[in-house]
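Q: Taken in order, these protein sequences are the chains called S and E.
Counting in the numbering used here, the first sequence runs from 1455 upward without gaps.
Counting in the numbering used here, the second sequence runs from 102 upward without gaps.
Keep in mind that the hints were calculated from the coordinates and are not lab data.
Keep in mind that a hint or two might mislead.
Counterexamples of contact, computed for chain E against chain S with all Cβ distances above 12 Å [as the list claims (entries may be wrong)]: (1) Ala113; (2) Gln152; (3) Thr191; (4) Glu239; (5) Pro373; (6) Ala384; (7) Glu494; (8) Gln571; (9) Arg708.
So the derived label-pair ranges between C-beta atoms look like this [as the list claims (entries may be wrong)]: (10) S:Ala1559 with E:Asp331: 44 to 54 Å; (11) E:Gln526 with S:Pro1526: 55 to 65 Å; (12) E:His448 with S:Gly1541: 28 to 38 Å; (13) E:Gly233 with S:Ala1475: 50 to 60 Å; (14) S:Pro1527 with E:Gly528: 33 to 43 Å; (15) E:Arg598 with S:Gly1541: 42 to 52 Å; (16) E:Glu494 with S:Gly1498: 28 to 38 Å; (17) E:Val527 with S:Ala1475: 41 to 51 Å.
Predicted model only: the values in this text are computed from it and were never measured.
Quick reminder that beta carbons are idealized off the backbone N, C-alpha and C, glycines included.
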Amino acid sequence: MQMNEIAAAAGRLQQASGLAAILDAACGAFEDMLPVLWDRIDPGEPLFIAMLTAATCAADGRDAVLFAPSLPPHRRPAAPQAGSGQGSVDVVAGAVAGLCMLLAARLAEAAPSAADHGDRAACHAAARYASQIHEALAGASPL
Amino acid sequence: MSRATFGDFLQAAHDGLGPPSGAGSYAPRGSVEEVSRSLLRVVTVMGRYVQDMTAGLDGIGRRARPPLHPWARACLQVREALSNAAWFLTDGGPNRRWPPSPAASPLARRLDAVTVSLTTGRDLLQTHFAPGAGSSWEHRSEWAVVVTSPPVTRALLAEIALLSRRIAHQGAGLALSPPAGVPGSAPERRRLNAACQWLWVLDTSVRAAQQQEPVAAADRDLMAAIPVNDLPPRRVPGGGEPVAVLCEGAITSAERVRHLAWVAAQDAPWSPGMSTGSLRQVARTSTVTSHNCHILLGTLAACTARAGQAQISEGLSAAADAAGRARDRWLRAACAIGQITTETEGHLSPAAIEAGDLALWTGRLAYADPQWTLVSGPAHPGRPPESLVSRPEDVPMAVAAVHQACETLAQLPQTEWEQISAAAQVGRILVPTSTLSSDYDVPRPFARAPHDRVEQLLAEYRGVAQASRQAATAVGEVAVAIQASSRVLVTARQAARASQPTRASKTADHADALAALRDPGAARESAAVREPDDTPGPIEHTLRGLGVSRPDLLTRGAELDRAGQRFLIDATVGINRQHKRPSAVMLSKTTATAALVNNALASGDSRAAAMLRGPQRPQQAESEAEREP
C-alpha cells in the first residue's frame, strides 16, 4: 500500500501543470513519503541514519511548500501515519529517492515561473530538501 | 584548551600561602603593619564570599528566623568572625588601600597572592550571574544553580576555614615573634594576633558543622570543577583525529550543547530559534548521538570484559541497553516533531547546530571510518575495540566522553519541552490542515495545533527525558566507579536537585543556598580532608626554641599543651555568664597569654570560641552575627 502511495505521488507530480498544481503535488509527495519512511526506520538496519535523515528532510520539505503563497488552501487529506508497508528497506529507499529526484526537478523548473518571491523561495527550499533526501538514500537506491 | 575552573584559583590561593604548617613553615619575617594590611585584604575578600551566601538572611528578622541547620549557623558565625577580624585590622588605622608598591614582607606578599587568587576565583563564580530585579541575581548558565547549591556552599566554607587556619598560624607566628626581628608596635601586634584568633574561631565554627555534616569529597571536586562561564569555541572534526582528541571534542561539544540549549530555553516563546527546523535537527541528531553512545558503550563493555573487569563491563552493558532505549524514545520524538510545524521553518538555533556536531564527534568515535558523517551512506562498521581503548587507562577517557554526551541528551528534552510548551501557549505550534479531521474547516494549508496534538508531542518529550536520564544515570555510575573525569556531572546533578526551588524561579539570591542549607537532605560522606592540628603549643614551641629534640620530652610538652588547652577551655566555659569578657586585644596583651589563648583556639574545640565570644545561648550566635563590631 505504501509503495502505491509513492507511485501515486510521483504520478501526480508528473501530471501537475502550473505553479499551484506543482506546489500542491510536491506538498502531497512530501506528506506521503513521511509515513513510508518512518515505518521503515530501524536502528538495526544499515540504512537507519540515512532513513532518519530522509524523514527529517521530508518534513522540512513539506513545511517549505506549506507556507508558499500559491499553495491551494484546501488540500486532499494526508496519507495514514503508519501501516504495514510492503517491500524491503532498500526498495523503499530506492523508490523514495526516485520520487525526490523528480520532486527536485519539478520544483526547480517551477521556481523561475513564480512571480511571488515567497513561492520562488519555497520552490528552491523544497527542491533542496528533496535533493538531500535523494543524497541520503541514493547509496542504496537502484538509480 | 580547557576552561579555567574555580579549583585553579583555589589551588593558587593555597599555593600562595606556601607549604602547610609543620611541613617547612616559614620563619616569621616582615613588618607587622604591612602583614596586617595584607591580611585585611584577604579577610575582606573572604567576607565577600560569605556575604554572597548570607545576603538574603539580613532581611529576615531575628525572631522570625527558623532554627538554623549547622552549616547555616556556621555561615553566620564565619561572617561574624571575619567582621571582627577586619575590625581589629582596621582599628585605629587609616582607611587602608593597596600601597603603590608591592609588599616587602614575605608573609604580606603571600597574603596578597591569596587575595588575588580568591578575588579572581569569586569573579569566576560571578560570571554565572547577572544583576536581576531588586537584590536578586539572574542565572546566566546552567552552572549557576550549582554555584548556589548547598553542597558547593558547604565546600566553599570549608575551604575558607582551611585557608583561615593556615593564615592564622602564620599571622599569629609573626605577631608573637621577638620584636627584634619584626618591626611593629605592641598594639599593632596585639591587633594582628586578635584578628588571627578570630580566624581560628572561624575555623572552629566550620569544624563544628563538619562534625555534624561532613563535606563530601565529591562536593569539593564539584566546587573545584566549576568553570568560567565562557563557552569554548565551536570545533568540528577534520578527519583522522586520534581517539583522545575525538573524546576531547565530544566533551567540549556536549558542554556547548548543554549551555546553548539552556540559553535557548530562556528565550521568549516567539524567538526565531524556536522552530521546527531546530526541533527536528535536535531530535534527529540526538537519535544518532544516542545510537552512537549505544554502540560505544557496547564496545567499551567488550573491552573491559576482556580486561577482566567484569563488574565494570556489566555496568557498561546495562548503560548500552539504556542508551538504546533512549535512542528509541528520541526516534519517536523525531517522528512526532515531523507532524507539526512553525512559521519560522528553516531557522536553526545554535544549540541545534551544535547538537549536530555532537552526533558527528560521537560518530567519529563509534565508527571505523575516519571521515564518517551523518550522510555517509548505508553501512558503517564500528570502531574495533582495540582502536577505541588501546590501554586500560584509556577507558575512563572514553567513558567520560560518552557520559558527557548522555548527560547532554538527558538535559536536552527538558529544554525542548519548555520551548515547545511556551510556543504552544502563544499559538506557534501549527499542523498541516490536511492532517486534521474533516471536522475542521480551515481555509489555509496550516492551522494552530489542536490541544491533544500538543499534549501528545509533550508526552513524547517527557518519555525521552525519562529514558535519557536513565541512560545518563547508568553511565554516570560507571564513571564514578572508574573515577572518570565526568563523574563531577553526577554530583552537579545532585547539587542542582538540592537547589530545585531556586532553579524553578530562574533567579536566585545566593542566600537561597543558605536557606537550602537548613535542609540536610544532600548526599554526604565523611571524607573531609583537614590539616592535622600540628601547630606546636607554647610549651612544645619553647622546648624546640631551646633546642630540645628528644622525642619523649617533645611528646610530654605536647601533652602539657593539650592539657593546658583543655584546662583553659573548661575554665572559660564554666565561668559566670554575667562576667564581662576581655576583648581579644586584652587576651593578646602579653605574648605568654596570647600564645596560650592561640593554642586553645587552634585546638578546634568549639567551646574555645567562648573566650572571645562568650558563652552562647541557642540562636544567640546568629543574632550576634548581625552585630557590627
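Q: With reference to the structure, classify each hint as holding or not holding.
A: Quick rundown of the hints versus the structure:
Every beta carbon of chain S lies more than 12 Å from that of Ala113 of chain E, the smallest distance being close to 46 Å; the non-interface claim holds. Interface exclusion of Gln152 of chain E from chain S stands, the closest Cβ pair being 51 Å apart, more than 12 Å. A cut-off of 12 Å between C-beta atoms confirms that Thr191 of chain E is not in contact with chain S; the least separation is 66 Å. Annotated as non-interface, Glu239 of chain E keeps its C-beta farther than 12 Å from every C-beta of chain S; the closest such distance is 34 Å.
In this structure Pro373 of chain E is separated from chain S by more than 12 Å, as the shortest Cβ-Cβ distance comes to about 14 Å. With a minimum CB-CB distance of about 8 Å to chain S, Ala384 of chain E fails to clear the 12 Å threshold, and the non-interface call is violated. For Glu494 of chain E, the shortest C-beta to C-beta distance to chain S comes to about 31 Å, beyond the 12 Å cut-off, and the non-interface label holds. The claim that Gln571 of chain E is not at the interface with chain S holds, since no C-beta of that chain comes within 12 Å of its own (minimum 17 Å).
Every Cβ of chain S is farther than 12 Å from the Cβ of Arg708 of chain E; the closest lies at roughly 65 Å, confirming the non-interface assignment. Checking the proposed 44 to 54 Å range against Ala1559 of chain S and Asp331 of chain E shows it holds: the Cβ atoms sit about 48 Å from each other. Between Gln526 of chain E and Pro1526 of chain S the Cβ separation comes to about 31 Å, which falls outside the hinted range of 55 to 65 Å. Checking the proposed 28 to 38 Å range against His448 of chain E and Gly1541 of chain S shows it holds: the Cβ atoms sit about 36 Å from each other.
In this structure the supplied range 50 to 60 Å holds for Gly233 of chain E paired with Ala1475 of chain S, their Cβ-Cβ distance being about 55 Å. Taken as a hint, the range 33 to 43 Å is violated for the pair Pro1527 of chain S and Gly528 of chain E, whose Cβ atoms sit roughly 19 Å apart. A hinted range of 42 to 52 Å for the beta carbons of Arg598 of chain E and Gly1541 of chain S is consistent with their spacing of about 49 Å. Distance hint check for Glu494 of chain E and Gly1498 of chain S: the Cβ-Cβ separation is about 33 Å, which falls inside the suggested range of 28 to 38 Å.
With their beta carbons about 34 Å apart, Val527 of chain E and Ala1475 of chain S fall outside the hinted range of 41 to 51 Å.
Against the hints set out earlier in the document, violations occur for numbers 6, 11, 14, 17.
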